[in-house]
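Protein sequences appear in the order of chains A and B.
The first sequence finishes on residue 535 if you use our numbering, and the numbering steps up by one all the way, no holes.
The second sequence finishes on residue 254 if you use our numbering, and the numbering steps up by one all the way, no holes.
None of these hints come from the bench; they were simulated from the model.
So the derived list for chain B, only partly shown, Cβ under 8 angstroms to chain A, looks like this:
id : residue
1  : D20
2  : L21
3  : Y25
4  : R28
5  : T33
6  : R36
7  : E70
8  : F159
9  : N161
10 : H204
11 : G205
12 : P206
13 : P209
14 : K210
15 : E239
Result set (SDA-like, lysine to any residue): computed pairs, CA atoms no more than 20 angstroms apart in a straight line:
id : chain 1 : residue 1 : chain 2 : residue 2
16 : A       : K475      : B       : R36
17 : A       : K475      : B       : A212
18 : A       : K475      : B       : R41
19 : A       : K475      : B       : E238
20 : A       : K475      : B       : G42
21 : A       : K475      : B       : A233
22 : A       : K475      : B       : P236
23 : A       : K475      : A       : L486
24 : A       : K475      : B       : D237
25 : A       : K475      : B       : W213
26 : A       : K475      : B       : Q39
27 : A       : K475      : B       : V45
28 : A       : K475      : A       : R454
29 : A       : K475      : B       : I35
30 : A       : K475      : B       : W40
31 : A       : K475      : B       : A245
32 : A       : K475      : B       : R242
33 : A       : K475      : B       : Q241
34 : A       : K475      : B       : P234
35 : A       : K475      : B       : V32
36 : B       : K196      : B       : G125
37 : A       : K475      : B       : L235
38 : A       : K526      : A       : G490
39 : A       : K475      : B       : A246
Cβ coordinates follow ideal geometry from the N, Cα and C atoms, glycine included.
As a plain string of letters, each chain reads:
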Amino acid sequence: MRDVAAIAAARLAAAASRAVRAGGGTTLPGRLAAWVAPGITGRLSGRLPGGVLLVSGTNGKTTTARLLSGILAAAGLRTIHNRAGANLLSGITAALIERSTPAGRPDGEVGLFEVDEFTLPGAVLATRPRVVVLLNLFRDQLDRYGEIDIIAERWRRALAGLPPEAAVVYNADDPMVADVGRAHRGPALSFGLEEAPARGHDARTLEHAADARYCYRCGRLYEYTLVTLGHMGHYRCPQCGTVRPAPQVRARDIRLRGADGSAASVTFDAASLAVDTVLPGLYNVYDVTAAAAAALALGIDPQVIAQGIAETAPAFGRGEHVVIDGRELVFLLAKNPAGFNEVLRTVLLAEPAPVVLVAINDLAADGRDISWLWDVDFEMLRDRARTVVVTGIRADDMALRLKYAGVPSERVTLEHDGWRALEQARGALREGERLYVLPTYTAMLRLRDLLARKGYVSGFWKQ
Amino acid sequence: MDLRICHLYPDLLNLYGDRGNIVTLIRRAQWRGIGVRLIEARLDDGIDPHASDLYFIGGGEDRQQRLAAPDLRTVKGSALREAAEDGAVVLAVCGGYQLLGHVYRPSDGPDLEGLGLLDLATVHPGPGARRLIGNVVVRDPASGQILVGFENHGGRTRLGSGARPLGTVVAGFGNNGEDRTEGAVWKSVYGTYLHGPLLPKNAWFADRLVEVALRRRHRDATLAPLPDEEEQRAAAAAAARVGAR
Numbered sequence: 073m074r075d076v077a078a079i080a081a082a083r084l085a086a087a088a089s090r091a092v093r094a095g096g097g098t099t100l101p102g103r104l105a106a107w108v109a110p111g112i113t114g115r116l117s118g119r120l121p122g123g124v125l126l127v128s129g130t131n132g133k134t135t136t137a138r139l140l141s142g143i144l145a146a147a148g149l150r151t152i153h154n155r156a157g158a159n160l161l162s163g164i165t166a167a168l169i170e171r172s173t174p175a176g177r178p179d180g181e182v183g184l185f186e187v188d189e190f191t192l193p194g195a196v197l198a199t200r201p202r203v204v205v206l207l208n209l210f211r212d213q214l215d216r217y218g219e220i221d222i223i224a225e226r227w228r229r230a231l232a233g234l235p236p237e238a239a240v241v242y243n244a245d246d247p248m249v250a251d252v253g254r255a256h257r258g259p260a261l262s263f264g265l266e267e268a269p270a271r272g273h274d275a276r277t278l279e280h281a282a283d284a285r286y287c288y289r290c291g292r293l294y295e296y297t298l299v300t301l302g303h304m305g306h307y308r309c310p311q312c313g314t315v316r317p318a319p320q321v322r323a324r325d326i327r328l329r330g331a332d333g334s335a336a337s338v339t340f341d342a343a344s345l346a347v348d349t350v351l352p353g354l355y356n357v358y359d360v361t362a363a364a365a366a367a368l369a370l371g372i373d374p375q376v377i378a379q380g381i382a383e384t385a386p387a388f389g390r391g392e393h394v395v396i397d398g399r400e401l402v403f404l405l406a407k408n409p410a411g412f413n414e415v416l417r418t419v420l421l422a423e424p425a426p427v428v429l430v431a432i433n434d435l436a437a438d439g440r441d442i443s444w445l446w447d448v449d450f451e452m453l454r455d456r457a458r459t460v461v462v463t464g465i466r467a468d469d470m471a472l473r474l475k476y477a478g479v480p481s482e483r484v485t486l487e488h489d490g491w492r493a494l495e496q497a498r499g500a501l502r503e504g505e506r507l508y509v510l511p512t513y514t515a516m517l518r519l520r521d522l523l524a525r526k527g528y529v530s531g532f533w534k535q
Numbered sequence: 010m011d012l013r014i015c016h017l018y019p020d021l022l023n024l025y026g027d028r029g030n031i032v033t034l035i036r037r038a039q040w041r042g043i044g045v046r047l048i049e050a051r052l053d054d055g056i057d058p059h060a061s062d063l064y065f066i067g068g069g070e071d072r073q074q075r076l077a078a079p080d081l082r083t084v085k086g087s088a089l090r091e092a093a094e095d096g097a098v099v100l101a102v103c104g105g106y107q108l109l110g111h112v113y114r115p116s117d118g119p120d121l122e123g124l125g126l127l128d129l130a131t132v133h134p135g136p137g138a139r140r141l142i143g144n145v146v147v148r149d150p151a152s153g154q155i156l157v158g159f160e161n162h163g164g165r166t167r168l169g170s171g172a173r174p175l176g177t178v179v180a181g182f183g184n185n186g187e188d189r190t191e192g193a194v195w196k197s198v199y200g201t202y203l204h205g206p207l208l209p210k211n212a213w214f215a216d217r218l219v220e221v222a223l224r225r226r227h228r229d230a231t232l233a234p235l236p237d238e239e240e241q242r243a244a245a246a247a248a249a250r251v252g253a254r
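The shape of chain A in the complex, shown without the other chains (with noise of 0.2 angstroms):
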């Protein structure tokens, strides 16, 4: 009865947030049903016949996620997925509610949801997941969390709390998520990749931003016969032995193709399927593994998960392409200083040298602290970016890691207005060419906001 109340409740609230455009309405109702009815997330999603699948990490939660509703969609079976990314409890209990019937049915057969690192535990506890994937560990509003370690130990405890029929999804390439992931006592599955292409630096060495370089376990450097992205690839400490578990589905054959996606085979036992993604860059060959991986364990057929991920789009921001008046725009979350690395690998594939927009926000959604971008390797842009345009809340910080990355000022425009960014950095293009925009979360939406008020995309939260 008091679900009831509670799904009526944050339905009224959902629908008031939306009228007053205060946003998607995604977080504020599942707090509210949490008050009115404690406990209605579990007795909701443990309503779903094809159970619970949690998708957690640093990088790559929203898109793995998206991919996961892909093949889950292609595989006949439809989920209630929080695809805003609101992804702490709350944006799970919100999404559960809004598919459910007023008298508390879920209106589908499985539950997706991407969790926030911190919040694993809890989700666990509430959701009974069948599925949990651990996608990887990085440096990433450590001044939410404190350190990197609390939050490893946060999901040794939350896998301790899983059911024991549910299976552990995670990756190999990451030291400290395998060293989770094959603790765990019950079914798992590991994967990574066995390759990565050439990117214009030695595959063997780590680059700056890389976290994880010494044995978790005695303490010595880890030895790499090949990094793929930050600290991840293939490991081994030569002290104690420690090494990369040879993953179960892996990705070879890699194929990037800039900011207009990729390719790779996947393996798994005797099986290989081909997939193919708009999504770009190899950050996001490591989702399609992941997601791959997960939907392997559910046992759904190779076929229908290479279809499921062909069909997947991009979600909001992460490779996402707009075009305004004949420009086209690609948006490339960058939150972390692995993740923009990569990002800017991708975009300086592109020729002739390109322009870029990149907006820098200090909310706490995007972590306060910015000195992240000082471990950014910026320095890539000195000489393969045309015209640098920096904006955000804290663009004075972006402009003047530019100039200490040896960027020459008549290269580099500051401009804190995101409309007039925008045009700016558009008024720089050559028939033909795009803008690349590296924002960071809130600076995303912020910009996007912008382009949404305009009518050149949709709301995010009706994506």
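Since the structure of chain A is already known, use the hints to place chain B on it.
What follows is chain B alone, placed relative to chain A:
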């Protein structure tokens, strides 16, 4: 004239943008035509107290500090102390700052014995204690100049009589969130919680360090002013973020 920099534990204590400090020191010397030599000293590498004029130590989490502390004490300690006694500049940030004190008591596990180069001790009140996180603005009482940055630490540091604070907290927490002191100075040894890229936005402080370091071998070294518009704009924006100034 040349500046010789030694970066201690570049891939271990490098938590958040610490590299920005090295980049800034190098660039600001180079822009003035001063040559730079950079030495990186990792775990197990010994250091020469006469080979560098400026030693930098960045920040790390408890786990990295635990790896660095014994190495700092036994492998590099006596050379670093000798260099500091001789007037070399030492700049230590966050985790590195804590390790220059007598002792750091982490949130759990045994105490880490520090180098004792700065007369201070740091205690983490435990896993449940609030971390001191946020933008921070500090005033140098001698010059009236301000330092802007970001702090993120669980440990609370208290100075003994042998060190003076680097500055007075205008906004933020500083050493312990209570006595409004931030950082510590003894001779030319500087420690601070302003982590990551302290020097880019505080160009005056970067130049002071470079000048002091150069004067160890070049008595009358002075630095020509640089056009620092970007630096000043970024510092002003950071200060405005916490309503200071």
